[in-house]
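> Residue-level listing of the chains:
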Amino acid sequence: MKKNFDPRKNYEATKVKVGYVNRKDATQTLYDKMGFMSGLEVHQQLKTKKKLFCNCPAGIYNDNSHFDAEVIRHMRPTLSELGEYDGTALMEFKTKKTIVYKLKNETTCTYEIDDTPPFPIDREALDIAIEIAFLSKLNTVGEVHITRKQYLDGSIPAGSQRTAIIGVDGEIPISNKKIRLVQLCLEEDTCREISNIGHTRVFKTDRFGMPLIETVTHPDMVNPDEVKEACDYIRFLNRSTNKVRIGIGSGRQDVNVSCKGGNRVEIKGVSKTKLLPELTHNECFRQWALIHIKDILTKRINVKSWKISTKKLNFFDYNFSYSPAIEANNRKDKFYAVNLPEFKGILSHFTQPGKCFINELSDRLKVIACIEKPNMITSEDIENTEDRKIFTKIASMFNAGENDAQIIFWAPKEDIDTAISTISERCKLAFFEVPKETRKYNLDGTTEFKRVLPGANRMYPDTDSPPIPLASEHLKNIQANLPSDVSERTAQMIKWNIPKDTFTYLHVNNLFPLINKIANELAYEPKFIACFLGHQLKHIEGQFNARKLDYNKIYQIFEFIKKRKLDKEIAFKILPVLFEHPQMDFDSILESINFRKHNNNGIISNISFLKNKYNEIGKTKTDEARNNWVMGQLNNIAVGNISMNELKNIVKGV
Amino acid sequence: MDNEFFQGYRGQALEVLKQYNVRVWGKATITTTRGNFEGTVLPRSCNDDEKHIVIKIESGYNIGIDVETITNMKETGYNKVNFKIQEKDFPSVQGLPTVKLFGTGGTIASRLDYRTGAVIPAFSPGELYSAVPELAEICNLETEKVFAVFSENMGPTHYIALAKAIAKEIERGVDGIVIGHGTDTMQHTGAALTFMVQNPPIPIILVGSQRSSDRPSSDAPLNLMHAMTAAGHGDIAEVMVCMYGTTSDEYGLLHKSTRVRKMHSSYRSTFRTIGDTPVASVTRDGVTHIKENYNPRRKDRKVKLLPYFSDKVTMVYYYTGIKPDVIDSLVDAGYKGIVFVGTGLGHLNKELYPAIERAHAKGVHMYMTLQTLWGYVQMFVYDTGRDIMAKGVIPCGNMLPEVAFIKLSWALGQTEDPEEVKRLMLTPINDEITEREPYNGYVLLQGGVPEVDDFLAKTRK
Numbered sequence: 000m001k002k003n004f005d006p007r008k009n010y011e012a013t014k015v016k017v018g019y020v021n022r023k024d025a026t027q028t029l030y031d032k033m034g035f036m037s038g039l040e041v042h043q044q045l046k047t048k049k050k051l052f053c054n055c056p057a058g059i060y061n062d063n064s065h066f067d068a069e070v071i072r073h074m075r076p077t078l079s080e081l082g083e084y085d086g087t088a089l090m091e092f093k094t095k096k097t098i099v100y101k102l103k104n105e106t107t108c109t110y111e112i113d114d115t116p117p118f119p120i121d122r123e124a125l126d127i128a129i130e131i132a133f134l135s136k137l138n139t140v141g142e143v144h145i146t147r148k149q150y151l152d153g154s155i156p157a158g159s160q161r162t163a164i165i166g167v168d169g170e171i172p173i174s175n176k177k178i179r180l181v182q183l184c185l186e187e188d189t190c191r192e193i194s195n196i197g198h199t200r201v202f203k204t205d206r207f208g209m210p211l212i213e214t215v216t217h218p219d220m221v222n223p224d225e226v227k228e229a230c231d232y233i234r235f236l237n238r239s240t241n242k243v244r245i246g247i248g249s250g251r252q253d254v255n256v257s258c259k260g261g262n263r264v265e266i267k268g269v270s271k272t273k274l275l276p277e278l279t280h281n282e283c284f285r286q287w288a289l290i291h292i293k294d295i296l297t298k299r300i301n302v303k304s305w306k307i308s309t310k311k312l313n314f315f316d317y318n319f320s321y322s323p324a325i326e327a328n329n330r331k332d333k334f335y336a337v338n339l340p341e342f343k344g345i346l347s348h349f350t351q352p353g354k355c356f357i358n359e360l361s362d363r364l365k366v367i368a369c370i371e372k373p374n375m376i377t378s379e380d381i382e383n384t385e386d387r388k389i390f391t392k393i394a395s396m397f398n399a400g401e402n403d404a405q406i407i408f409w410a411p412k413e414d415i416d417t418a419i420s421t422i423s424e425r426c427k428l429a430f431f432e433v434p435k436e437t438r439k440y441n442l443d444g445t446t447e448f449k450r451v452l453p454g455a456n457r458m459y460p461d462t463d464s465p466p467i468p469l470a471s472e473h474l475k476n477i478q479a480n481l482p483s484d485v486s487e488r489t490a491q492m493i494k495w496n497i498p499k500d501t502f503t504y505l506h507v508n509n510l511f512p513l514i515n516k517i518a519n520e521l522a523y524e525p526k527f528i529a530c531f532l533g534h535q536l537k538h539i540e541g542q543f544n545a546r547k548l549d550y551n552k553i554y555q556i557f558e559f560i561k562k563r564k565l566d567k568e569i570a571f572k573i574l575p576v577l578f579e580h581p582q583m584d585f586d587s588i589l590e591s592i593n594f595r596k597h598n599n600n601g602i603i604s605n606i607s608f609l610k611n612k613y614n615e616i617g618k619t620k621t622d623e624a625r626n627n628w629v630m631g632q633l634n635n636i637a638v639g640n641i642s643m644n645e646l647k648n649i650v651k652g653v
Numbered sequence: 000m001d002n003e004f005f006q007g008y009r010g011q012a013l014e015v016l017k018q019y020n021v022r023v024w025g026k027a028t029i030t031t032t033r034g035n036f037e038g039t040v041l042p043r044s045c046n047d048d049e050k051h052i053v054i055k056i057e058s059g060y061n062i063g064i065d066v067e068t069i070t071n072m073k074e075t076g077y078n079k080v081n082f083k084i085q086e087k088d089f090p091s092v093q094g095l096p097t098v099k100l101f102g103t104g105g106t107i108a109s110r111l112d113y114r115t116g117a118v119i120p121a122f123s124p125g126e127l128y129s130a131v132p133e134l135a136e137i138c139n140l141e142t143e144k145v146f147a148v149f150s151e152n153m154g155p156t157h158y159i160a161l162a163k164a165i166a167k168e169i170e171r172g173v174d175g176i177v178i179g180h181g182t183d184t185m186q187h188t189g190a191a192l193t194f195m196v197q198n199p200p201i202p203i204i205l206v207g208s209q210r211s212s213d214r215p216s217s218d219a220p221l222n223l224m225h226a227m228t229a230a231g232h233g234d235i236a237e238v239m240v241c242m243y244g245t246t247s248d249e250y251g252l253l254h255k256s257t258r259v260r261k262m263h264s265s266y267r268s269t270f271r272t273i274g275d276t277p278v279a280s281v282t283r284d285g286v287t288h289i290k291e292n293y294n295p296r297r298k299d300r301k302v303k304l305l306p307y308f309s310d311k312v313t314m315v316y317y318y319t320g321i322k323p324d325v326i327d328s329l330v331d332a333g334y335k336g337i338v339f340v341g342t343g344l345g346h347l348n349k350e351l352y353p354a355i356e357r358a359h360a361k362g363v364h365m366y367m368t369l370q371t372l373w374g375y376v377q378m379f380v381y382d383t384g385r386d387i388m389a390k391g392v393i394p395c396g397n398m399l400p401e402v403a404f405i406k407l408s409w410a411l412g413q414t415e416d417p418e419e420v421k422r423l424m425l426t427p428i429n430d431e432i433t434e435r436e437p438y439n440g441y442v443l444l445q446g447g448v449p450e451v452d453d454f455l456a457k458t459r460k
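First to last, the sequence lines map onto chains C and L. Quick note: the first sequence, position 287, residue 286 per numbering that gives the first Met the number 0, numbers continuous. Quick note: the second sequence, position 305, residue 304 per numbering that gives the first Met the number 0, numbers continuous.
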């Protein structure tokens, strides 16, 4: 059996052993057994005119076709306020990245490139953040202190993000419980990455500095669905102010997951909440799998006596056929073999759907040693990469034991040392723990290593900004003008019998106040308005590439209908025309849909004639078919003049 | 006592801390009308108000609590934190040049000062090595803190102390000298040292940073590496300023400290040579010469030390409508030298003439420099200029205003004989007046012009 080790089979077998099931088959009992735990950091851009610490316009995005200038920086870790270096900071310094910032004059001043100290904080942003803090039931601070939070990945040109706590200790309700909130911060948004290849990472600064809030929850969610529900609630709450940005990238969340015996792992920048359940489910299982790996390894060998060996390879001594390896050789990369004692069955051990322990190594080589993937082949590749005979040769070169595993990796000369120590470090960690790390998400629900998880050691008071006192009087003013709670809105919508399938759309677009207004001021039934918005408007937006209509126009439609004493169903005909021609006045719209004012008797008087006509020409001789046909014939003259339900009853009766 | 336990707190905030027996560095739970808070009480910056208490909460953030909202406070623990910069032994490598680093108070490596909320510098070789380990590959480092003042507080006594310390080190045999200095008055100190330490056999480099070293994007480490490279390995034995050439982390420029000026309040590449090109550029790989003529490094240990400085010199920046009483009051206050910063080619208004005549009669030494910074004083072109010269104001060629101020102070520290002062002023020691202004000595690009924007997009980093 040992001779014919099949990595694919090992992967499948370990997947079963770990107990992986698809999310739809997972039960709460299973999550409880694994100790699923998750918390969120929900980011939301605020709708302000200017950026948070300078006077550049907020919300303008530049494409990658032309830039006005570029600036080059290298980030270096500094001591925290408490005199320590941060782990992530040191790791990122090790990677020796050159950071390039591409600048557009339109969106960038000398503040963005860290050549001018901050201007006073944008008051508009501060007030929105306070409003959201109140809605989140947080205790607002007496004085806002700006903190510099180190980020050495280059996403902030200054190397530290200006951020401040607005409130602490709040809560939000979800359907079955309350989720506690740790805090809400107001911070500057980061740069957008253009590329990250080898030792060069390129960013643009258009988004950098836009006001962003971060709502942090406690790890109170015990299954993936709760994660999504809590995230949606926070998102809806933010939207309920009407003062936040919408559109792609304006809301993003980091989600923290751990399992029993695991560690906090942060999945970064998830832009769609619907991805959260799959991501958290898989991350919980990845940790569960790493704990299995730890158990296997500690049974096999004592880590103290465990040590990798490496050998430089001459490319031409081996008959490589794997094309990335051949390309690497053409680039003059160096080839190294690594022997991992007692790692047989570990490399191909399941970690995530379609991924195994090899990915843990290969991802780190990419991030820490800057070696582009694919950067290695192993004796246990699940996919066919290289002829296994090569590894027989490598194993004998190392005089390897039956239970050893081997890796061949390639890298530019200067990255070899970092690569070897990275492989060694990650393998050693496998004996001890699930590493605390930040991970990047993939659309298929899997994740990959992004960086080591930063600690509290990267905080530094911003000596450039004085503290900002929040006067009680000012807070009272904000508090007096808060929108209603999302949970109250949901309860009211249920009371109004509004179909549940519209709730997400109505909350996301903050349409509750509009429904309320139309119902109160124009006396239309809330349920009708909600369906008009949640079904018809949503449908039409879909046809128009998710373009948004000025919601005041919706109010005006009903105001117009009311004034002209039309039937409300004409709104369905007006909406598509209005969407196409937002500037057209309502009378012209009526004209364009050939609406004529008829009195009810005039319409009704056609019925008996039409029924007779149908009897003459209709094929299906049932009452229902006949009535439907009559309704169809009357539609054009009836909609807007008489309720179609009422008309249907009349047709039936004639 | 208050200082020890209630660092920085005053008034109402101090009263509240005392009332509830909570100390700075105490862990506290605080009940307020805005909810409950928990964290470590931090010292307060003495310039902030007396209405708030600062705490560090568990997530590492600082927040302030309005003392008027506090209804209860309880200390639950105590954990005094001492900020300490790591210290590692600076390795000594045979074959590397020895560079002496003088500290004057600039922020090469720094830590937080809770009193002011600002940063205070770290300085020992061990601290520097732990912050910038690359230095050990460049030179063997010795450091000495001559004094610790902010750049804006530098003055005559500091120039003299520094000049003497430099001369001593030169005689002792170091291979180069680097002076860590705040950037605001770096050009003043540079000029003073040029006049006080003449004909040095080794490079004397002033260096600083525009972003303090507590920031990951600080220019301090690279500036320091560049300065150490120029001081230890470079061949130019002059007093120079070494700072970023562009805002990018790419190269530094070595400027003659008689021709350099800080031109932006916060930009990294703030220092520019005015009316000439820089002497050289520098990277970690070495110095690349720009100017062909310079004073080369010598083996001897000879240096001419002239540590003189009179504090009876002032500057008058001309503005339209300036009244003669400005000059009169300076003369009456006992000032012996006035450097005018005039308009255009070196002009002052007619209204000042009587005051100038009076000053001249009283033996005040008056010199003319330019608000335009670039170009030469030329007082023959218009009658005004001739009039002013006739009344005793001497044109300073293309000497920069601050340099003229420093030089006149230095000259008057030695003599009050008008002819001798004039000779000292107009005989350049290191290009403070140049005979020629090269075409590329005046380059101020104008953004928005298509070819300039094209250059910025394609070439300048």
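Quick caveat, the hints were computed from the structure, so don't treat them as lab data. The model shown is predicted, which means the values in this text are computed figures rather than measured ones. Glycine included, every Cβ here is placed at the ideal spot set by N, Cα and C. Mixed in with the good hints there might be a few duds.
What the hints assert, rightly or not - From chain L, some residues computed to sit far from chain C (all C-beta separations above 10 Å):
#, residue
1, Q197
2, R214
3, Y266
4, D324
5, K421
Unchecked claim - Distance ranges between label pairs, derived from CB positions:
#, chain 1, residue 1, chain 2, residue 2, range
6, L, E143, C, N329, 51 to 59 Å
7, L, D327, C, K48, 47 to 55 Å
8, C, N329, L, D234, 37 to 45 Å
> Now tell me if each hint is right for this structure.
Here's how the hints hold up against the structure:
1. Q197: Correct as stated: the minimum Cβ-Cβ distance to chain C is 36 Å, above 10 Å.
2. R214: violated (6 Å)
3. Y266: At about 5 Å from chain C, Y266 of chain L fails to clear the 10 Å cut-off, so the statement is violated.
4. D324: It holds; D324 of chain L is separated from chain C by about 38 Å at its closest Cβ, greater than 10 Å.
5. K421: K421 of chain L clear of chain C: closest Cβ-Cβ about 42 Å, beyond 10 Å.
6. L:E143 / C:N329: 51 to 59 Å: holds (54 Å)
7. L:D327 / C:K48: 47 to 55 Å: holds (52 Å)
8. C:N329 / L:D234: 37 to 45 Å: At 43 Å between Cβs, range holds.
The structure fails hints 2 and 3 (numbered hints given earlier, in ascending order).
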